[in-house]
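Chains A and B, in that order, give the protein sequences. For the first sequence, position 39 (counting from the first letter as 1) is numbered 39 according to the UniProt record's numbering, and the numbering increases by one without interruption. For the second sequence, position 203 (counting from the first letter as 1) is numbered 203 according to the UniProt record's numbering, and the numbering increases by one without interruption.
If you are wondering where the hints come from, they were derived from the structure by calculation, not from laboratory data. Any given hint could be a false lead.
What the hints assert, rightly or not - Residues from chain A shown here face chain B by an in silico Cβ test under 8 angstroms; the list is partial: (1) 161; (2) 164; (3) 174; (4) 204; (5) 210; (6) 214.
What the hints assert, rightly or not - Where chain A lies over chain B, by a calculated footprint (3+ residues, C-beta under 8 angstroms): (7) 26-36; (8) 44-55; (9) 102-113; (10) 193-199; (11) 210-216.
The beta-carbon is built from N, C-alpha and C at its ideal position, and this holds for glycine as well.
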Amino acid sequence: MILDCDLLIGRDIASGARVDGAALAASLAGLGIGGGLVTSLRALLFDAPSGNDEAREVAALHGWWAAAGVDLRDPLTALAEVSRASALGVRAVRIAPDRQGVPATAPGLRAVARAAASAGLVLLAEGDVRVVGPALAGLGAVVVFVDAHFYHLGDFVLLARDEPGFHTSTRLLGDVDGWEVVVSSVGAERLVFGSRPGWFEAAAVVDRLAAAGLTESERALVVGGNLRRLLGVTA
Amino acid sequence: MIVDVHGHWGPWFFSTDVADAAANLRVMDECGIDVQLVSAVEAVVYDPLSGNPALLPVLRAQPRLRGLLVVDPRELSLAESQLSELLPTGLFVGAKIHTHYAGSPGGSAAMAEALALLAAHDLPVLVHTWGEEIVGLADVVAQVDGTRVVAAHLGGPSWPLVPSAAERTDRLWFEPCWSTPAPGRIRWVLDRIGPERLMFGSDATLIHPAVTLGAIRAAELSAAEKELVMWRNAVDVFRLPTPA
């Protein structure tokens with residue numbers, strides 16, 4: 001079964017769409033996705049502490065892992081949430097500067113990234129990799145760019161060559177050879193399956209996986225091995 | 001049988017190695033696509049003057065690729081000249097207009113003039129649509145006698161406007177490729193416009209066809225819908241040979 005680094009629950013105020021844990025779990029089965037890393041939109045859009053509690057509950061119920069969402073509009077609470085997440089055994093933090101109208105130059109973004117790196121947490125980073133990537137460089141951060149688009153693949157590769165902790169999600173690498181370019185340029189260890197089911201047409205990513213020119217060992221890394229390694233889990 | 005009405009040939013300015021027609025054919029084979037209608041990337045993003053004729057040897061060598069002649073509505077004299085020169089080859093089955101690169105929105109007067117020219121040559125047109133221009137394009141199509149237009153991308157993020165566009169004219173069809181597809185979009189559109197108005201396109205070699213095929217798979221088409229969407233509508237609109 002595939003593991004997905006980009007699971008979201010809650011309500012998106014921009015679209016009005018709503019996906020709860022049960023609906024997400026139901027959609028995963030048909031896609032061949034066994035679980036993954038879930039973040040609460042409540043945490044990203046309204047209240048981080050209660051949203052992150054919700055994500056942990058949903059993750060525990062379904063056998064997934066929770067990622068703590070932080071709100072960069074309140075960087076002080078964001079830093080406190082990074083500490084709380086680490087103390088609770090959460091292994092990842094999600095940042096969403098575009099969703100929150102926060103520029104990548106905001107001091108809070110680097111502060112959160114530095115705190116996450118210090119605590120050994122993985123960062124899931126939304127936004128344009130050309131903008132957010134440079135803002136996260138030089139911190140020793142382990143990052144999965146969940147919005148990296150194939151239009152910007154060359155810039156991701158350049159960033160990843162300098163930053164051993166930089167990874168990309170598969171979701172928006174839907175061109176003819178994007179997955180293969182990542183593998184040949186920086187290694188299959190840097191490609192992490194993500195499809196954002198319920199919010200994105202995840203079957204498109206699943207079918208792109210089926211068409212990918214990956215060896216069996218590369219595929220195993222992309223669909224689960226890499227995420228497990230990043231989270232420090234064995235099963 | 002699968003006909004892909006939205007393909008491209010030639011190099012892109014992104015970090016992707018797909019310049020050779022072999023890349024088209026490789027992904028067509030991987031995805032079960034029989035025929036792909038292609039426009040030259042050079043003609044779309046730079047200059048139809050050099051880009052359209054560059055496609056000729058490719059079309060001559062690859063019968064599974066059929067041509068879309070790129071028209072820039074701002075240069076209709078060039079378009080007229082190329083139509084006269086290139087249509088007699090029999091290698092082009094339609095035209096392509098990119099509203100963004102050609103600076104000619106779907107609802108513009110320039111678009112109306114270009115569609116009228118192409119209608120005079122009885123040539124169907126694949127028009128890039130993004131945003132609310134899909135409705136403007138529908139109004140233009142309704143005004144131009146005889147034109148047959150396929151709206152590419154369902155207007156991208158403005159796909160909820162497709163039913164409104166479809167109501168304005170029955171000479172407008174729709175094609176769903178998109179690199180960031182919203183969930184459930186194709187079924188939502190199909191249920192409102194009917195399978196006679198949708199046809200498969202991939203945007204290869206910019207986008208892997210698996211992306212749109214996956215989105216269509218998620219829409220769970222019936223056998224009748226699949227026949228119309230995957231090839232029959234394209235065969236009818238572009239007057240392609242009917243499969244044996």
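A quick look at each hint next to the structure:
| no. | hint | verdict |
| --- | --- | --- |
| 1 | 161 | 13 angstroms, violated |
| 2 | 164 | 20 angstroms, violated |
| 3 | 174 | 4 angstroms, holds |
| 4 | 204 | 4 angstroms, holds |
| 5 | 210 | 7 angstroms, holds |
| 6 | 214 | 13 angstroms, violated |
| 7 | 26-36 | holds (count 3) |
| 8 | 44-55 | violated (count 0) |
| 9 | 102-113 | violated (count 0) |
| 10 | 193-199 | violated (count 0) |
| 11 | 210-216 | holds (count 6) |
Hint compliance for this structure: hints 1, 2, 6, 8, 9 and 10 are not met, and every other hint is.
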